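Colleague: All chains, please: the whole structure from these sequences, using the hints.
Chains C and F, in that order, are what the protein sequence lines are.
FYI, in the numbering used here the residues of the first sequence are 1 to 406.
FYI, in the numbering used here the residues of the second sequence are 407 to 623.
These are calculated hints, taken from the structure and not from any lab test.
Hints may contain errors.
[To be verified] In silico contact screen, one side only, chain C against chain F (beta carbon under 7 Å); selected entries:
hint : residue
1    : Pro4
2    : Asn13
3    : Arg16
4    : Arg17
5    : Pro18
6    : Leu305
[Claimed, not checked] One-sided excerpt, in silico: chain C residues whose CB lies under 8 Å from chain F:
hint : residue
7    : Phe179
8    : Gly289
9    : Arg300
10   : Glu302
11   : Arg307
12   : Leu309
13   : Ala311
14   : Glu312
15   : Pro397
Quick caveat, the model's predicted, so the values are computed rather than measured.
By construction, the Cβ of each residue, glycine as well, lies at the ideal position given by its N, Cα and C atoms.
Residues per chain, in single letters:
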Amino acid sequence: MNRPGLLFLIRANLRRRPFRNAIVVLCVAALTGLQAAAALIDHAGRKGIQLGIERLGADLVAVPRGLDEAITRSYLDGRPVTFYMDAGLERRIAAFPFVARTSAQVFIRSLSGAACCSAWNVMLIGFEPESDFTVRPWLAGDPRRRVGPDEALVGAALGMAAGETVRFYGRPFRVAGVFAATGMGLDSAVFIPLSSAYAMARESAAKAEAPLTLAPGQISAVAIALKPPEQGGLPAYRAAYELETALPDISVLQPDDLLVKTEHNLRRTLQSLRAASYIVWPVTALLIGLVFALAANERRREFGLLRALGAERRFIFRLIFLEAMALAAAGAALGLALSTGLVLGFSRLLAESLAAPFARPGVVELFILLASAAALALATGAAAALYPAARAAGLDPYEAIRGGES
Amino acid sequence: MIRLVGVSKSYGGGRIRALSDVSLEAAAGSFVVITGPSGSGKTTLLHVIGGMTRPERGEVQVAGKSILLLPVPELSAFRARAIGMIFQLPSLLPHLDALDNVRLPLYFAGRTDDPTAARALLRAAGLEGREAAFGHELSAGQERRVAVARALIVGAPIILADEPTGDLDPDSEAAIMKMLTEANGRGATIIMTTHNPALRSRAGRSLAMKDGRLSED
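Modeller: Here it is in structure tokens:
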């Protein structure tokens, strides 16, 4: 049998006003949920893009002139793009003194609704296993492992497992590795050796529902690694400028541009979420303050009786304060559960609609993000309940009892 | 045991004089009945003795302590252990059932919870089987009996009963008076206000109150 005492009274009293308490809980939940959702989306977007930039592995990426926007979008949302330029550009880029290494890539879109392709409408990236410095370092296990002509590396979002066989344009590939998720468009990409991409194009007329138009000597992009400054290297922005000035057929993408683009894409959503939370915040604080001020007034007689039974002032203070905190905690828990569930549950949809990557936060990161939002809700509840609690605690028992009678 | 000297108390900035130079001595274990019309100051007097309000003037000693000199936390603790209060109007906490209402003072008095004693008191009040009832589920008489049981649970040496039988049926009145008389028999000092002249005979001493002044009846 539970002993009547502080927590017992709080529990009993909270049960007494389910509707009023539900309103307070919902307001706190809205505040916490909006804060947590904004923090989660912001964090996931930034983390995703950082991971993506690391995954990209290149200091610069050269593409045909004017297509840097298209490739940026594709890196972010995974929608395949195809464009080609002359492979000779790679040699010209490699000749610049500040360039340490280059590696060519070719972008292919798998067919849609075709039996010759295991995954429809995905981005296939042909890379040069011999010169590559962007893809293989991310292979789990042995980054130096050779990727054979009939092998593919796949992004996490495609749901494939190592050892499976996938088929594109009628050509089979064994999945040699699966990349960890970044939340970027690259999660939906399939990497195959460049020579196999050309062979696949050659054979596609016979093996696929539709031929792949790609000729040897065509590439889509050149990944560029710059020399360190002490070896004659340049900062990325200077190198990009030098390359674009000297080679008018190319645009040079700096991976940091992806971060800027992501921040731009996220800004409006985050601003909306934060603006909503800034509106909900004072409303919630006001509501809690008002509800508990009214409750303190309406329960004057009850507090007077408790004081007459021997309750100390601090007991009355704690009674009201902890009731408010219990509601704030319940609201915070509800808000966190809903926002976390919705944001993480619909992360893919969010990433698509925001055109931003989404990398799930780790357990510690998630805890810190959620704890911050919860702390705000609890602090709001505490601040709002402080005055009503202090006022009720200061009542003279006799006045409180008589006041309640009138 | 209870000693008031020259106690005055007013409300409304001095416009309403509730107690006017009241002095009272009640020995330990005595049963004192105070009669008087409504508004004569009876309730205020009990609240002053219980340390629930401070008079403007005078001295109040209860159980050997000058309660007006006690700091608020000590006064609360003193009230929890030494005073059992029965209020004129319904006073059960609405969200606690009868049994929990009776048990609650034990918490404030720092005593071990004793549901058995609480049930026994409710039984003595004729409320066996009504332990789980809330205030709004009880009749006025039953509710008042629960309040009496609550005032007695701690075994406080002083019971202040403000019109405990007012407007009640004869059965409830008899049950309450029996409980108070038994508590008095166990050594508790009872100060009871009432409109009912018939109850004066149950007390060892009867006082009358009029316009805030106390006199022997």
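Colleague: List, from low to high, the hint numbers that the structure doesn't satisfy.
Modeller: The structure breaks hints 4, 5, 7, 8, 9; every other hint is satisfied.
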